[in-house]
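Undergrad: Two chains, two frames, some hints: make the complex.
Protein chains in written order, with our numbering: chain A, 1 to 203; chain B, 1001 to 1261.
Please note that a few of the clues may not be correct.
[Unchecked claim] Short, incomplete list of chain B residues facing chain A, as computed with Cβ under 10 Å:
id	residue
1	PHE1076
2	MET1077
3	LEU1209
Just so you know, these hints were derived from the structure itself, not from any lab.
Cβ coordinates follow ideal geometry from the N, Cα and C atoms, glycine included.
Spelled out, the chains give:
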Amino acid sequence: MAQVSIVDYGIGNTGSIRNMLGRLRVESELVSEAHGIAAARRLILPGIGAFDACMSALRRTHLDAPVLEFARTGRPLLGICVGMQMLTLDSEEGSLPGLGLIAAHTRRFPDVEGLRIPHMGWNRIVWRDVNHPLACGLTDEPRFYFVHSYRVLCDTPQSMLACCSYGGDFAAAVIHENIAGVQFHPEKSHRFGLRLLGNFAGS
Amino acid sequence: MSSLRPRLIPCLQVADGSLCKTRRFKNPIYLGDPINAVRIFNDLDCDELIVVDIRATIEGREPDYGLIEEFASEAFMPLAYGGGIDSIEQIRRILSIGIEKVVIGSAALEGPLISEAAAVFGSQSIVVAIDARKTLFGRREVYVRSGTQGTGLDPCAYAADLEQRGAGELFVQSIDLESTRAGYDLDLMTRVSRAVRIPVIACGGAGTLEDIRRLMHSTGVAAAAAGTMFVLHGKHNAPLISYPRSAEIVSLARSTGAYSS
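Extracted from the complex, chain B is given alone in its bound form (with noise of 0.2 Å):
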């Protein structure tokens, strides 16, 4: 079987124009440019980005094409873009800048938005994101608005719908250990990867790169983002952008993967 490069992916967060980071979904400590933290991620040679306005939804406000505008012309990689999200002709117009694919959250939850989107753009361009919280019981369940409001759902029947409907990728958050550095959610991730054939990113609680390892390794995920650990340092979490040398990356490979090098 061939074996990809592990996908390895910052999540940039960005509130009123700025590079922040939640903890928790909450809290956002305000880290400055976010145009800046692009160009030195391509400076390492990043592989990938996803860049998500947390306040868009809640706000209710169209996304930030001039932003967005920016981003294209900074990043020489494949950049996925999300929020604030809820229409076909904004996907049309955010694709058409140079971003290579869109981030879908909250109206992803009802209406014909996915199937469209597919239908018109492909799946390879369409990203649903599953915030997932646990529950009193130790069950989790999907978050919408930025993980304000509850649905109910179970994260791998969201999942399996979603695949259903012509969703190309699903960004797995775990809103309990985001930004915490205590390691992925490696069960939530395992049964949402069982439950679709769609590659699923996992996001939320990375601190090292042994924790990426652990994920890679024993979940079945196509991808692991990180925001505090690729924009944070150090346990006084000073703003400082890192991103492994390629050497790593490849070396996070399955045993069994054919990807050498």
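Next up, chain A with everything else stripped away, as it sits in the complex (with noise of 0.2 Å):
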């Protein structure tokens, strides 16, 4: 049985992530009906374009409530980009709600002169929790590939578990037990984003 599951509901980049997972020699399937995403060991949500998009995509593709029953199980959970964006309450992007397993949101960049939109390339990261597993090797100046124009600002300190600053802090990864998110393409950040996924995926 597959090391971890990728949501398949028809957005994001699964082929490099698939292909990074591969690369650490992690069993990794796509499951795109509610009983594989209930019998998973842990789950990535992929994401990438527009907020709204994605959340209908899950929607309309009924794997919405399978992916929050999962996040009750206190299974690993992962959301990468937009796909982190979707664990928080809402966006400045769309009008639909996101799933709510973070207390954050999702804000655009502030208008500031000569900040460029989208936020592109690589950039540091701090650990709030260096103890965190996620974080485990990657406490000496991690840099990660970043492509986004929204930004996830949380509601409590507590939930932020990696800051990164572009325009001001926002987080680069939020997390709340179980329910982990990056703002960040770790199956684009060679030896940093290697490492953060055999993190998740030995967790």
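TA: Given below as structure tokens:
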């Protein structure tokens, strides 16, 4: 049975994620039905593009309730990029509610002179909790590849697992018990991303 | 203002399934297995790659999806792929393989491809190539079809038009300087970069890190791409893949930038 299951709702860079898990010799599978999600040991929720497009695709495929159910089992869940934003309560980019698993909101970057949007490129992150299993081996100036036009702001500092700065601080990673999200693309962040996905697969 | 780590992008050319390098868009020399090159760039912690099939458009071929799949499975960094792309379906197929961005050249010139692609896939995945050549009077003119066909267009006007149509980034190459190690066309890069708000990737002429520093400090471009400098070594152009260490890349940042470490 696969160590990591990836929600396949028609959106997201599942090919790259599976390639990197393959490099780690972690068995992965795409799951596109409720029973597949229910049976998963660890679940990745990918996402790319517009917030509402992702949320409505997840609903249309009837996978929103199964993902929420999975979150309640206590097994590890990781949202990537818009997949992380979907874990929050809502997004300024759209009108649909998020999954509400993390007490946070997805908001526009501030309108600052000279700040190019999207935030695209490699940036450093600072862990709030360096002892979290996802941070293992990644405390020495970790950098990751970001592409996003909206950012996540946490209601409580406890929800922020890592911080990044671009036109002000925002959540590079969020956490609530078994539920985690990363704004960056670990699947495109060479040795740093390999380590992070390895940490998730081993968590 | 927040500043990102400087983007330094090796640009790999492929032809007939082999890694190659042209000079001024001509006379390709063949350098071996491109997949192996990508593996080496992985090991060197390369931050980003561009791969261009320089023959696909000229030969009227579809992109080589088998080769693209091999790139995707080996490249653990953001990868942009170009060469022979002229339809939404091709873009869909390439992105679904796990490639982040496509580079569109000749097919961007006319028609709705760029605006449609931006609407379907988001601007962030659509890079448009602008190949510019110096005219007799010192102006720059946009060329397409691997530098074989002039368009009469001014690169700045074309850049602004492409931004308007939804291009996410512009990959601007100086044909005359390609593989010469004479330094970037700073004038061209400054003007194109001023003409748009989207990121400009400059390519053509890099010989040393000093050339890249000069480009990053004086032109306003978002990224420096180079081929020769990263795949050939010395005056005899021996094939040798290299990429600067992380600290060297950080040191290229504009001194006003906030990025430090």
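Undergrad: Decide, hint by hint, whether the structure agrees.
TA: Cross-check of the supplied hints:
Annotation: PHE1076(B) was flagged as interfacial toward chain A, and the flag holds, the nearest CB pair being 5 Å apart, inside 10 Å. Proximity of MET1077(B) to chain A holds as hinted, the smallest CB-CB distance being about 5 Å (cut-off 10 Å). Taken as an interface hint, LEU1209(B) does not check out: its beta carbon lies about 18 Å from the nearest beta carbon of chain A, beyond 10 Å.
Of the numbered hints given earlier, the model fails hint 3 alone.
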